[in-house]
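These protein sequence lines map, in sequence, to chains A and B. The numbering of the first sequence is numbering that gives the first Met the number 0, which starts it at 0 and goes up by one. The numbering of the second sequence is numbering that gives the first Met the number 0, which starts it at 0 and goes up by one.
Since the hints were derived computationally from the structure, they do not count as laboratory data. C-beta atoms are modelled at their ideal positions from N, C-alpha and C, and glycine is treated no differently. There's no promise every hint is true.
As the list claims (entries may be wrong) - Label pairs and their calculated CB-CB ranges:
1) R468(A) with A114(B): 32 to 42 Å
2) A114(B) with T50(A): 53 to 63 Å
3) E127(B) with A303(A): 23 to 33 Å
4) R4(A) with I192(B): 29 to 39 Å
Stated by the list, open to error - Some chain A residues well away from chain B (every beta-carbon gap over 12 Å; in silico):
5) C7
6) D124
7) Q690
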Amino acid sequence: MNRSRPVCLARWLVWRPLSRDTGRCVVTIFGVALGVAVALAIGLANEGVLTAFRNGLDHVAGRTQLEVSAGEPGFDENLLPVIAETPGVASVAPVLQAVLSVPGATGDAVLVLGVDVLGDAAFRDYRGPSPDLAEPLRLLTDPDAILLGARYARARGLRVGGAVRLNTPTGTKTFTVRGLLADQGVARTMDGHIAVLDIAAAQVHFGKLGRLDRVDVLLQPGAAPVQVIADLRRRLPAGVDVERPEARNAQVEQMLGSFQLNLFVLSLIALFVGAFLVYNTMTVSVVGRRRQIGILRSLGMSRAGVLLTVVAEGAAIGLLGSLLGAGLGVLLAQRALQAVSLTVSSLYAFIVPGSLTTPPATIVRSVLSGLGVALAASLAPALDATRVPPHRDLAPAALERRHRPLYPAAVGVLFLLGTLGLARLGPVGGRPLFGYAAAFSLLLGAILLCPALVKAVQGGLLTALRGSRLVAARLAVGNLGRALRRNSVTVAAMAVALSMLVSVSTMIASFRHTVEVWIDQTIRADLYVSRTGRLIKGADARLPGDLLFRVRGAAGVADADGIRGLRLRDERGGQFTLGASDFDLLARRGRLLFRRGDSDRILRQARARDEVIVSETYAERYHLDEGDEVRLRPPGGEARFRIAGVYYDYTTEGGLVVMDHRLFQRLWSDPWLNSIVIYLAPGAAAETVRQAVRTAAGRADLVIFSSRDLRRRILAIFDQTFAVTYALQAISLIVASLGVVTTLGASVLERSREIGILRSLGVDRGGVRRTVLAEAGLIGLIANVAGALAGLALSLILIHVINKQSFGWTIRFVFPGRLILGYAAITVGASVLAGLLPAWRASRLPIADAVRYA
Amino acid sequence: MTAPMIRLVNVSKVYNSAAGRVVALAGVSLEVAAGEFVALMGPSGCGKSTLLHLVAAVDFPTSGEVWVDGQHLGRLTDAALSRFRRDRVGTVYQFYNLLPTLSAWENVALPAILAGGSPGEARARALEWLRRVDLAQRAEHWPHELSGGEMQRIAVARALVNRPPVLLADEPTGNLDSVAGRDLLRLLAELNIERRVTILLATHSGDAATAAGRVLQLKDGAFMASTATPAPR
Chain A
0 MNRSRPVCLA RWLVWRPLSR DTGRCVVTIF GVALGVAVAL AIGLANEGVL TAFRNGLDHV
60 AGRTQLEVSA GEPGFDENLL PVIAETPGVA SVAPVLQAVL SVPGATGDAV LVLGVDVLGD
120 AAFRDYRGPS PDLAEPLRLL TDPDAILLGA RYARARGLRV GGAVRLNTPT GTKTFTVRGL
180 LADQGVARTM DGHIAVLDIA AAQVHFGKLG RLDRVDVLLQ PGAAPVQVIA DLRRRLPAGV
240 DVERPEARNA QVEQMLGSFQ LNLFVLSLIA LFVGAFLVYN TMTVSVVGRR RQIGILRSLG
300 MSRAGVLLTV VAEGAAIGLL GSLLGAGLGV LLAQRALQAV SLTVSSLYAF IVPGSLTTPP
360 ATIVRSVLSG LGVALAASLA PALDATRVPP HRDLAPAALE RRHRPLYPAA VGVLFLLGTL
420 GLARLGPVGG RPLFGYAAAF SLLLGAILLC PALVKAVQGG LLTALRGSRL VAARLAVGNL
480 GRALRRNSVT VAAMAVALSM LVSVSTMIAS FRHTVEVWID QTIRADLYVS RTGRLIKGAD
540 ARLPGDLLFR VRGAAGVADA DGIRGLRLRD ERGGQFTLGA SDFDLLARRG RLLFRRGDSD
600 RILRQARARD EVIVSETYAE RYHLDEGDEV RLRPPGGEAR FRIAGVYYDY TTEGGLVVMD
660 HRLFQRLWSD PWLNSIVIYL APGAAAETVR QAVRTAAGRA DLVIFSSRDL RRRILAIFDQ
720 TFAVTYALQA ISLIVASLGV VTTLGASVLE RSREIGILRS LGVDRGGVRR TVLAEAGLIG
780 LIANVAGALA GLALSLILIH VINKQSFGWT IRFVFPGRLI LGYAAITVGA SVLAGLLPAW
840 RASRLPIADA VRYA
Chain B
0 MTAPMIRLVN VSKVYNSAAG RVVALAGVSL EVAAGEFVAL MGPSGCGKST LLHLVAAVDF
60 PTSGEVWVDG QHLGRLTDAA LSRFRRDRVG TVYQFYNLLP TLSAWENVAL PAILAGGSPG
120 EARARALEWL RRVDLAQRAE HWPHELSGGE MQRIAVARAL VNRPPVLLAD EPTGNLDSVA
180 GRDLLRLLAE LNIERRVTIL LATHSGDAAT AAGRVLQLKD GAFMASTATP APR
């Protein structure tokens with residue numbers, strides 16, 4: 000017995016009661032664990048994706064201090080000496096860079112760098128088991144020779160001297176592996192999915208003779224970067240940008256940021272609901288042990304001691320839950336990383352995440368956050384416990400402090416009014432911060448209104464059931480009001496989880512419906528031709544322009560339009576896509592959904608007057624309207640174009656400006672296409688034409704979608720994007736259901752005497768079970784009503800404020816009646832299921848023990 | 000004569016409940032000398048328990064003063080009251096009020112630890128007290144494994160482990176059979192003499208009252224005149 004006093008007290012007064020009440024503790028610990036795990040998994044996945052993305056850029060940038068680039072079209076290689084001779088520039092390295100897909104394997108791709116193999120080592124680190132940059136002649140003399148990331152080569156079973164095939168814009172090519180790059184420097188990019196070849200060879204393979212994507216610059220010692228940037232900008236033509244490498248990250252990171260912020264906020268829901276669970280459990284624990292707390296107080300324990308005891312109990316639960324959650328989170332993170340990076344690869348930028356890293360700091364942070372949440376949640380019950388008088392005779396009726404629901408309800412209404420105000424405010428730095436605040440305020444308001452709702456429903460039912468012979472129902476309704484606060488907490492926890500579920504589901508269902516309607520109204524062509532690389536975001540998927548003529552010549556093709564999408568950058572470095580299409584054909588046979596005006600008329604007018612159309616996301620991003628002007632920078636000058644119309648588009652992040660193909664050719668004289676849309680001749684069979692087109696095109700790396708394939712593909716990407724979201728929602732709901740178990744458990748505990756009396760008066764076990772189950776069902780039902788109402792309101796904020804400000808898409812609200820009914824069925828069912836154990840326990844209470852007041 | 004151990008000066012206690020005003024004590028005055036064993040008798044609801052609560056500082060009078068061991072309870076801070084409850088009085092209840100999650104010796108040792116004692120020392124004292132109440136062999140048992148009489152003797156040991164000058168017993172035999180009840184009263188009487196602990200015993204049983212040196216009858220919140228004898232000795 001040499002234990003110190005605090006340890007002894009903690010063991011006796013915290014650990015013993017906890018271990019006595021294993022069921023409830025395990026449930027709560029599990030709830031906290033789920034909350035922590037989900038938040039940690041998403042946090043780690045987000046970090047992993049961001050690291051993969053940054054590594055991709057940083058390792059490729061190497062020691063580069065400035066970058067000269069001009070978006071996708073690149074610029075003339077004759078600018079290289081202009082750059083090299085600018086004062087302050089020490090050396091320059093020309094670069095061609097493309098993500099090329101690998102034939103046969105969907106989603107497999109490699110980042111290919113075309114560099115000056117003689118001079119590039121000053122910029123980037125190349126090391127390898129076979130350091131072939133040391134003997135660069137092999138690469139120089141053989142245009143099909145490449146160096147391959149050793150990691151990638153290992154994974155694909157490739158060796159030095161072996162062959163690797165890649166889909167290039169000029170066709171599928173076979174390269175010879177001349178060396179492997181060890182997992183250092185450049186080869187750490189994309190988890191080793193990298194290939195290096197000589198720049199002259201790259202120009203040939205990429206179809207970019209005489210052009211460069213980028214020139215990397217090293218500065219002379221002492222040269223001021225700002226000054227050199229200014230000098231370079233003066234010397235270079237419009238459309239060619241100079242910036243530091245890190246500036247390039249910022250743009251994509253901003254887009255990624257919105258996506259990741261949304262995920263992160265969603266991941267916190269489970270933790271938030273977990274906090275409710277701790278609050279609930281601690282309230283239950285305090286209510287259940289008021290008598291013991293009274294005894295402790297009469298034995299001379301101070302209020303501070305009582306506070307400490309209860310908080311310590313909450314902390315113990317929080318710590319155990321958080322530790323378990325951290326372990327679970329790391330396990331989940333691997334899956335989450337895969338899911339998130341898949342979405343990021345198809346929406347934002349091609350990334351290959353390395354193996355999951357679990358920085359200790361992140362883990363510790365998540366454990367601390369779980370602990371903090373548990374501590375905060377147990378503070379209110381702990382303060383309650385300090386108000387327990389040191390009396391011995393606590394009548395059961397006095398077990399719960401009286402609760403007046405009107406005061407919180409009034410505050411709740413204030414929060415709802417605040418929500419209306421916050422929802423009207425604009426974004427902050429492109430982030431819908433006030434939107435999140437509005438959502439939070441709405442939830443707080445709903446939580447605060449829960450007690451009043453429970454009271455109102457209870458009062459109404461009590462009146463309705465007066466004189467009824469449904470004894471179980473009457474007792475259940477009566478009980479609901481007796482422990483108003485605890486029941487309100489459970490209702491609120493479930494309602495919050497449900498409202499988030501309803502709102503996110505409503506948003507997604509509305510979004511999906513909007514996209515479906517949009518597809519059905521705008522997809523008019525019969526076949527869509529593109530390169531396999533098209534399925535990977537950022538991969539080079541260009542097709543030579545002459546392919547269009549060959550396709551037009553194929554049997555059964557009535558009309559074909561070549562679509563070009565050129566990734567350009569605005570003056571501030573922001574990425575957008577410049578599209579080009581035959582507006583005449585589009586007006587005749589296709590259709591776009593314009594915000595205002597008729598598709599046919601707008602397209603003809605744009606073609607006739609050299610105007611452009613822009614996507615809604617572009618208009619939102621640059622705050623433009625019909626009639627405003629778009630400034631673009633074609634090679635050799637700047638040009639302004641009037642916006643003929645703003646149309647809805649749900650496929651392109653960052654926004655689109657589209658012009659007629661003839662205008663585009665005049666200004667950019669770009670010989671490439673990204674896809675070809677085909678309208679069939681009357682009576683032609685799609686499958687036959689598909690074969691004819693494939694033969695006419697004469698290349699293997701084409702995908703030819705029917706309109707139905709395309710629809711399916713778009714919706715598949717859509718569903719995949721929201722897969723993580725669905726998982727997060729389901730977990731929150733599980734945590735909330737655990738709350739019903741703990742609440743009903745407490746209810747039975749508290750009423751054991753009353754149940755005993757009922758039983759001694761002749762109520763049978765079935766009657767007791769029915770009462771407890773009816774109470775469970777009622778809690779579930781009220782939570783559903785509150786959750787559905789709050790959820791629908793929340794979905795409006797999601798659709799019109801958060802989504803609109805984050806991504807700029809217009810989503811038409813669709814009332815998800817069947818969804819809400821489905822959730823109601825599931826959650827009321829879950830509540831009743833959660834009530835089974837307490838109900839069984841209640842019916843098993845030994846009558847004599849229950850009645851003896853001890 | 001030394002100052003009384005317990006002194007109530009014109010103490011009233013009124014409860015306001017939904018059913019109306021309930022006068023539990025109506026201007027009661029009382030002096031109990033150190034080492035005295037006083038029994039408070041009277042029917043249910045006469046105010047016995049209320050009086051004990053006031054002396055134990057777990058409840059407070061509506062008016063009047065309560066002095067225990069020279070301290071005016073109405074003037075103590077919350078922290079001082081906690082210390083008072085811990086060190087100056089011990090209480091035994093009808094329903095034992097042992098903590099179900101602590102073993103017999105742990106229940107006895109708890110107040111000693113709360114008072115700042117080391118667990119080792121508290122255990123030694125608890126075991127010594129368990130020997131004194133003839134329950135040394137039950138030290139490791141849980142409350143639910145003990146009989147009512149045993150639980151009550153453990154409650155007595157717990158009440159006295161911090162050596163308070165005052166022991167309050169509220170219907171301690173109310174839940175015991177007659178044999179166990181008599182044993183308990185004998186224990187209280189022995190402790191009264193042996194440790195000179197002042198005992199205030201509330202009971203409605205005449206048998207129980209015989210153990211006391213002085214018996215006071217309480218009815219409707221006031222002492223009945225005939226029994227309000229001054230402190231002897």
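These are the hints, each one checked on the structure:
no. : hint                             : result
1   : R468(A) with A114(B): 32 to 42 Å : violated, 57 Å
2   : A114(B) with T50(A): 53 to 63 Å  : holds, 56 Å
3   : E127(B) with A303(A): 23 to 33 Å : holds, 30 Å
4   : R4(A) with I192(B): 29 to 39 Å   : holds, 33 Å
5   : C7                               : violated, 4 Å
6   : D124                             : holds, 62 Å
7   : Q690                             : holds, 79 Å
Checked against the numbered hints above, the structure violates hints 1 and 5; every other hint is satisfied.
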